[in-house]
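Q: Take the sequences, apply the hints, and build the full model.
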Amino acid sequence: MATARVTFDRVFKAFRRGERHDSLRDLIPALVSRALGRVAPDDERLFWALRDVSFEVHAGEALGIIGRNGAGKSTVLKLLTRILKPTRGSCAVAGRTGALIEVAAGFHPDLTGRENVYLQGAIMGMRRGEIAARFDEIVEFSGIDAFIDTPVKRYSSGMNARLGFSIAAHLHPDVLLIDEVLAVGDLTFQEKCQSRMKRFRDEGTAIVFVSHHLPAVAQLCNQVLLLDQGAPVRLGAPGAVIREYCSGGRTSEQDEVTISTSLRSVDAVDDADDGALEVAPGDRLDLDVTVEFRRDVDRATIGIVVWDITRELYVYGASSDFVGVPPVRARQGDVRTFSFSFDANLTRGLYAIEVNVADPDQQKFLGIARGITHFQVIEHISYDGVANLYLKGREGTAVSVLRARSIHG
Amino acid sequence: MTANIGSLRRALREIVHEQLEFRELLFQMTSRDLLLRYKQTVMGVGWAVLMPLLNTAIFSVVFMRVAPVHTPVPYPLFAYCGLMVWNFTASALRFAVTSLTANTNLVTKVYFPREIFPFSAVAVSLVDYAVAATVLVAMMAYYGIAPSSAMLLLPTIIAVQVMFTAALALLLSMANLFYRDVKYLFDVALTVWMFASAVVYPVDGITGWAGTLLRANPMTAIVEAYRNVLLYGTAPDPVSFGATAALALVLLPFSWLLFHRCEFQFAENI
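As given, the protein sequences belong to chains A and B, one line each in that order. Residues in the first sequence are numbered consecutively from 1, following my numbering. Residues in the second sequence are numbered consecutively from 1, following my numbering.
For the record, the hints were derived by calculation from the structure and aren't laboratory data. One or more hints might be untrue.
Ranges between beta-carbon positions, derived for each pair [stated by the list, open to error]: (1) Ala92(A) - Met151(B): 46 to 54 angstroms; (2) Ile270(B) - Asp110(A): 53 to 61 angstroms; (3) Gly44(B) - Gly70(A): 43 to 51 angstroms; (4) Asp187(B) - Asn222(A): 39 to 47 angstroms; (5) Glu56(A) - Val188(B): 50 to 58 angstroms; (6) Leu34(B) - Thr87(A): 34 to 42 angstroms; (7) Ala141(B) - Arg96(A): 28 to 36 angstroms.
According to the in silico footprint, chain B covers these stretches of chain A (three or more CB under 8 angstroms from chain B) [unchecked claim]: (8) 106 to 112; (9) 209 to 218.
Note that the structure is predicted; figures quoted are calculated from it, not measured. Don't be surprised by glycine CBs; every beta carbon is placed ideally from N, CA and C.
A: In structure tokens:
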């Protein structure tokens, strides 16, 4: 097995919390109070941004790092780019490294696009001749050739990002570190970036990709690391780790009900090994909900919410009383079951069902079960978007005619 | 002890090597700063000449009409030479002080040797220096000062001044990153320092503690050395210039190593 391009070995990183002495005016009183013993000792004020994180990335592999804000994702990249030094442990990157921590970080607003290409290229470690040789390619990829001699301060943020990414895309690095580049730019460009990154990976570049954009992570990466408050939660195959990330809070102890569910589909393609039902677009799904009440409730309704996990999108929400199920009255210890069904009019993706039990009079939730049930919509025609609207069409008929026909039968 | 020196030498070789590897970037950063400096100005690079010329005019009025001083060469030539030399160090340092803090984006987001920032500040000022020097050549021709063989020492003097300036640039940029007071203190110090160097008046006539202070100042030695080889056709004073050269030779590796050691704290402290 080839040696790893990126190694992260039991890395800990601490930051000092609280006071930062930007000026002498702050420093002197701080020194005095420290001398008088009024400040907590150093180790109590340390904040561990990373705790015992290890991973390896080989040539041709891509590692995705996901987690909530403050989980330590960007700290990992800053350690890899040598901007920060680990407090304990070691990290190393072998070969020419391209870092896209912020694609346009090196841009100077007063310089033109052309001047910035040379500057940014040099920051990324390219020689002048190399940049000159690839200049036309870079500009063409970015699609902003008309503005290449305009100062960057007049660019939109999308143009900035496009130019920044284009420069990096022509660097041919051994290791590519990427942080949230896909958050900017339009869809077409995002897709261009993604296919470019995939090409890098297939050509043997080792990639570390930090993103909130889960579809991109799922598509690009062959392993994913989930971080939570600096600690590694899980490292493994993208599907399983992303699902774990999205099923954050399960039923908690404070809930006044216990919720369990069972999801079925008559047309289920396959029951995947990790428990996510696989269905085709439009398939009917049956959901059974069992609720155990831990206290007396006068009126309770059941809410169903469908989330698109990778896009973190609230797709659909409805309540039992919308569909003619009257609120239930229950005593402590009662177990009630409900049956729901819906059509998966969705595009390809990974979805989670959230079930909640609410008291509509008191306007509060008795319990919420998040992400206990998942299903995956599998299709190969690649519809884009969120909902499947079952587009129909044919050549040579005006839209109004099509509509009139559908009204009159 | 020997092991220690050995590891220091290794560290020094490493950072010089790294700097050479990134020479392209130093060049790009310098040209960026030069472009920026003159981008929205009408005079452009003319400012590099105009500033010392204006100062020369002012000091010529003061030291020729108000309080005349005796100088070995015509006063404007004497003053322009001093101001031009001083201007290089002063503007390089003024620029270097904020070089790291003005590039927060790069310091916290991209890695490359951070010395690039103070060094490019020095390099930019060096370009201005070269432009300003053309005026000195014209003035020397006007006053009929012929070049002498002492001028062969000029590269050495320039090297000493650049090293001395670069060492201070490293220290100041780093100090200002940790404590922003440095910038303000430095502005005051720079004014005092100029008058404590023999920039606009000759050092000979001054005695007592002020004279001692003036002579101990490395900038006095550097300014005087330039005048010696350019205007008087003599060699620089071996004691004062030798001491300054030795200081520069020690200070540069020292501040560079210190800079390198603190580099990893920059992103966290900026």
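Q: How does the Cβ-Cβ distance of Asp187(B) and Asn222(A) compare with 39 to 47 angstroms: does it lie in that range?
A: violated (55 angstroms)
Q: Does the hinted range 28 to 36 angstroms hold for Ala141(B) and Arg96(A) at CB?
A: With Cβ atoms ~52 angstroms apart, the hint is violated.
Q: CB of Gly44(B) to CB of Gly70(A), is that within 43 to 51 angstroms?
A: For Gly70(A) against Gly44(B), whose Cβ atoms are near 48 angstroms apart, the range 43 to 51 angstroms holds.
Q: Between the segment 209 to 218 of chain A and chain B, see if three or more residues pass the 8 angstroms beta-carbon test, and mark the coverage as holds or violated.
A: That given contact is violated, which follows from only 0 residues of the segment 209 to 218 of chain A lying within Cβ reach (below 8 angstroms) of chain B.
Q: Using the C-beta atoms of Ala92(A) and Met151(B), is the stated range 46 to 54 angstroms upheld?
A: Because 51 angstroms falls inside the window, the suggested range holds.
Q: State, for the Cβ atoms of Ile270(B) and Asp110(A), whether the hinted interval 53 to 61 angstroms holds or is violated.
A: Because 22 angstroms falls outside the window, the suggested range is violated.
Q: Using the Cβ atoms, figure out if Glu56(A) sits within 50 to 58 angstroms of Val188(B).
A: The hint (50 to 58 angstroms, Cβ to Cβ) holds, given that Glu56(A) and Val188(B) are roughly 54 angstroms apart.
Q: Apply the coverage criterion to the segment 106 to 112 of chain A and chain B: a residue qualifies when its Cβ sits closer than 8 angstroms to a Cβ of the chain, and three qualifying residues are needed.
A: Coverage by chain B holds for the segment 106 to 112 of chain A (4 residues, Cβ < 8 angstroms).
Q: Is the hinted range of 34 to 42 angstroms satisfied by the C-beta distance from Leu34(B) to Thr87(A)?
A: holds (40 angstroms)
Against the hints set out earlier in the document, violations occur for numbers 2, 4, 7 and 9.
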